[in-house]
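Put the two chains together into one complex; each comes in its own frame, and the hints tell you how they fit.
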Amino acid sequence: MTSSLQRLGRWISKHLVLIGGLLVLVYTFIPIAVIILMSFNEPKSRLIYKFDKFTLDNWLNPCADPSMCSAVSRSIQIGLLATLVATLLGTLMAFALVRHRFHGRSTANVLIFLPMASPEIVMGSSLLALFVASGFGGQLGFFTILIAHILFCLSFVVVTVRARLAGLDDNLEQAAMDLYATEAQAFRRVTFPLVFPGILGAALLSFSLSFDDFIITNLNAGNTTTFPIYVWGVAQRGVPMQVNVVGTLMFVIAIVIVVGAEMNRRRREKALAA
Amino acid sequence: MTASTSAAPVAPSTPPEQPSPAEPRKRSLTGYWLMLPGALWLFVFFVIPLYSLLATSLYDPDGNLLQGYEMTWAFSNYVDALQEYWRPLLRSLWYAGIATLICLVLGYVLAYAIAFKSGRWKNLMLVLVIAPFFTSFLVRTLSWKLLLRDDGFVVNTLQFLQILGDDGRLLATPVAVVAGLVYNFLPFMVLPLFASIDKIDHRLIEAAGDLYSRPIVGFFKVTWPLSLPGVVAGTLLTFIPAVGDYINATLLGSPGQRMIGNVIQNLFTDANDYPAAGALSVLLMVLILALVLVYVRRAGTEDLV
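The listed protein sequences correspond, in order, to chains A and B.
Going by my numbering, the first residue of the first sequence is number 368, and it counts up by one from there.
Going by my numbering, the first residue of the second sequence is number 11, and it counts up by one from there.
Read the hints as simulated data drawn from the structure, not as lab findings.
Some hints here could point you the wrong way.
[Said to hold, decoys possible] Beta-carbon label-pair distances, calculated as ranges:
#, chain 1, residue 1, chain 2, residue 2, range
1, A, A640, B, D208, 19 to 27 Å
2, A, L372, B, L238, 33 to 41 Å
3, A, R555, B, A281, 53 to 61 Å
[Said to hold, decoys possible] Pairs of lysine to aspartate or glutamate residues, derived as DMTMM-like cross-links and limited to a Cα-Cα distance of at most 25 Å, are as follows:
#, chain 1, residue 1, chain 2, residue 2
4, A, K411, B, D161
5, B, K127, A, E636
6, A, K417, B, D177
7, B, K209, A, E629
8, B, K209, A, D537
9, B, K127, A, E629
10, B, K127, B, D208
11, B, K231, B, D211
12, B, K209, A, E636
13, B, K132, A, E629
14, B, K209, A, D536
15, A, K411, B, D160
16, A, K381, B, D220
17, A, K420, B, D160
18, A, K381, B, D211
19, A, K420, B, D161
20, A, K381, B, E216
21, A, K417, B, D160
22, A, K417, B, D161
23, B, K132, A, E636
24, B, K132, B, E216
25, A, K417, B, D176
26, A, K637, A, D536
27, A, K637, B, D208
Note that CB positions come from ideal geometry on N, CA and C, so glycine has one too.
In isolation and in its complexed conformation, chain B is listed as follows (with noise of 0.2 Å):
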């Protein structure tokens, strides 16, 4: 929560005829009328529907979609679920784990070179960033198809150099699909990244220096900790679609590198399995959310939103 919204409600403890300037000082209706039909739309299409996907996921497991399900609190559909789905689930946080992590080293070589290096292009640099986003997420990822073929140039290169076997390739591999995930995802963690490295004040990277600390070093013990919002925001603005994404392992892995997400969403459309979908989507959501929040403890900054 930044600052403003949340020095807010300790109003009273200012003396009244003083109220400081960040803090809103209207009283009154507006603030509910304003707030209302947002709230509702978030209240009906996004709380709501979290009840109903945990309604679903309890029903009983035998019914189908023509039928109706019945309610039966079937907490078996998670045991079962679980002992059918275990493998996806494990791998989706795994590649988007690994993924995460290469999007954290580029993105922060990116991030620091605007912030710090490139002087009055910072803003052209930043537009550069977000750009080739703005493209199909699909049609970006079909284009990975094509960089990664079988007798594409980069299959051919890495054969050359001998890292892949003569008949190795990319396409079909975990490789394939890791690299589409860090790709897509990238521009997340740079923003975040970028706006935590780009406030460092300079001078006290230049302390460091002064009193001898090697750059590395002055890298490590001031500008990292400093970096430290961004470098949480970024790497779960990263991870936490990066689970959940199908798109990258169906275009660009095989069946073996299925993810969640196609286990859901084929559950959801060609199996019409609601209850088990139900299940590992009501389980992907508890396991982010304990997630964020032991990781937003342990990195003991809540500077979220």
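Isolated chain A, as found in the complex (with noise of 0.2 Å):
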């Protein structure tokens, strides 16, 4: 009895900072199971945010409040649009920045690094102050969340297509030109499909940043609702179950995503080795 108590104390002890790290990752799961659970929650009240009795309502029909649904595709739309913008510049400056010599290369990482260094409410503030400034006050909606959203997905961007250009073998490029590719085949053949990953790595951030921000979108969306000015909405009057139907929609999709890609990757790793 106490030695095998002793032994469970042994090995506690000796995986002490493994069962730490679980229980920290255990607790960054709790709210998501709230989440899931609540999608399936019939409440009594829609001001008692507890559950209450199983149902698969909230799950058929997703849009019973249609003002949700349409934050939710409006939410998407800009964060397409943000993705696309921020992932063609983004990317085109990290080639610049990791192969090409320009002067001014420290002023442009600067550039690119104070945006993510500021709080959104000074990012949001500024870029208000802005509008206000040039005429454009009356007309914060649709546009003026996208120029926002572009703005603070693109220093990311760089950032994460940056690492991976860097982190690229160079000879790669030359030994395709030496077998006689020109420049623009050893890009299209070689470079880019190295640096895709890191590509679309980026775009996926890039459109969850989009998607999940409140700060600067309040600041700047004028009467235009996107998915969290929705739910800061409803936040003060009731919130409807259906918000939690779009919360664990959006942690399953991460996950798909995340996990096909890595599985397509050892996949390729276990076609390299063969």
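Written out as structure tokens, the structure is:
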């Protein structure tokens, strides 16, 4: 008895860090469990936010409140457009920074770093100040949100793609050119496919940053409602459970994409090893 | 700045016939063209807005949005704003500071476990660290509201353990707000910490053990100093967004826990007091930049990006 207890004690102290890490990981999933649970909840009243009765209604009628679904689709539109532009501009910048020489590199680095180092409230309020000062104060909405989202996604794209590019073996491109590939061919057949996972990762990051942004958006949205702005609104007057359906879906989609990418990577590694 | 980018401008010091492979080799106009669109976007929508913000903060405080503001170089806006809102400002620094410290402890344990103890599950655990944060920030925070509610499991347990008084609560207290900040910004701490810890050569830690240092001493003399770049990056990436956040303070707190983000947001959208809001925003930005500079100097690392 004592010896098995001792053994347990020794096992715990040996794996203390791992156990601690796993506990922290479990802690990060607690709210997710709540969100999934609540997506199957039939509440007694909209004002009481706790689990009451199991139902599939929220999943069968996700658009019971049409304004939520239109907010979600607006968020998706903004997210896709912002991702497209930010990924394009950011990838070009990353290539310039890693592959080309030009003056003003350190200024460019500061310019890219600063938006990531400023609190959202400052970025949002300075953009609002610009829009108001330039006479667009009355036209806040879809396009001002889009401008803001491209802005804060851009730096993250540059950093992500640059990391991938910097870790790339330059000699591969050289080898292609030694084998008489033109610069364009070497880029298209060698460099781009190798950088592509980084670009894809940056795009995913951009989309999730854009889809989820509240503070900057809220300052520059005017009367336009994105999904986070919708949730903010209903948080004061009672949250429809469908919000948790959207939350669950976001989680599931992200997991599917990330796990899919990881499996793809492993498959390729195996194929290369064989 | 990463090694590759900071090494680039000093190209002339290497002999021209043997360019090191880490260096960009093309010197043409292409670089400028590639930079141009993105740099322009950053300039027009980040640099110029900061200038607009600065200008706004010096407008005549008696103006209003409808009739337009007049530039009167009203530096008194700053004094007024500080006098009226120093409490939420200090509170924000305090809450964000505590939240960052707690994140550092939790994040270090998790990052260390992933880097050194997870074996072949490393990638999976890394994915699991970010996965919860793909759901909406606001929905996540709402579910903490549910978890911490007055007759909820957490409060009842704490009451049973006599940690919380019988009518004690968590919601609408600083504890809930800080807990929300810790939860929501934890991945910003874990990822840079992991990147740093993962790079540490395990043999160095073993060497410390071979030289009869106890594990705890080995940790503080070897692991911790080597992970400092990650600690600096992680604490900054956690602290900065936490200081400006008002979502947690609003959803989990009460007006007594109002943070500077709440104040700025309200001044802009409800009170329409642009000069005061601008002044507070500028103050926050300057404060953070100063903090970053001092902190990075102190920690002796400039490996930020």
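Quick rundown of the hints versus the structure:
no.	hint	verdict
1	A640/A with D208/B: 19 to 27 Å	23 Å, holds
2	L372/A with L238/B: 33 to 41 Å	39 Å, holds
3	R555/A with A281/B: 53 to 61 Å	55 Å, holds
4	K411/A with D161/B	16 Å, holds
5	K127/B with E636/A	23 Å, holds
6	K417/A with D177/B	20 Å, holds
7	K209/B with E629/A	21 Å, holds
8	K209/B with D537/A	22 Å, holds
9	K127/B with E629/A	20 Å, holds
10	K127/B with D208/B	11 Å, holds
11	K231/B with D211/B	14 Å, holds
12	K209/B with E636/A	22 Å, holds
13	K132/B with E629/A	12 Å, holds
14	K209/B with D536/A	19 Å, holds
15	K411/A with D160/B	18 Å, holds
16	K381/A with D220/B	18 Å, holds
17	K420/A with D160/B	20 Å, holds
18	K381/A with D211/B	21 Å, holds
19	K420/A with D161/B	18 Å, holds
20	K381/A with E216/B	16 Å, holds
21	K417/A with D160/B	11 Å, holds
22	K417/A with D161/B	10 Å, holds
23	K132/B with E636/A	16 Å, holds
24	K132/B with E216/B	21 Å, holds
25	K417/A with D176/B	21 Å, holds
26	K637/A with D536/A	21 Å, holds
27	K637/A with D208/B	24 Å, holds
In this structure, every one of the numbered hints holds.
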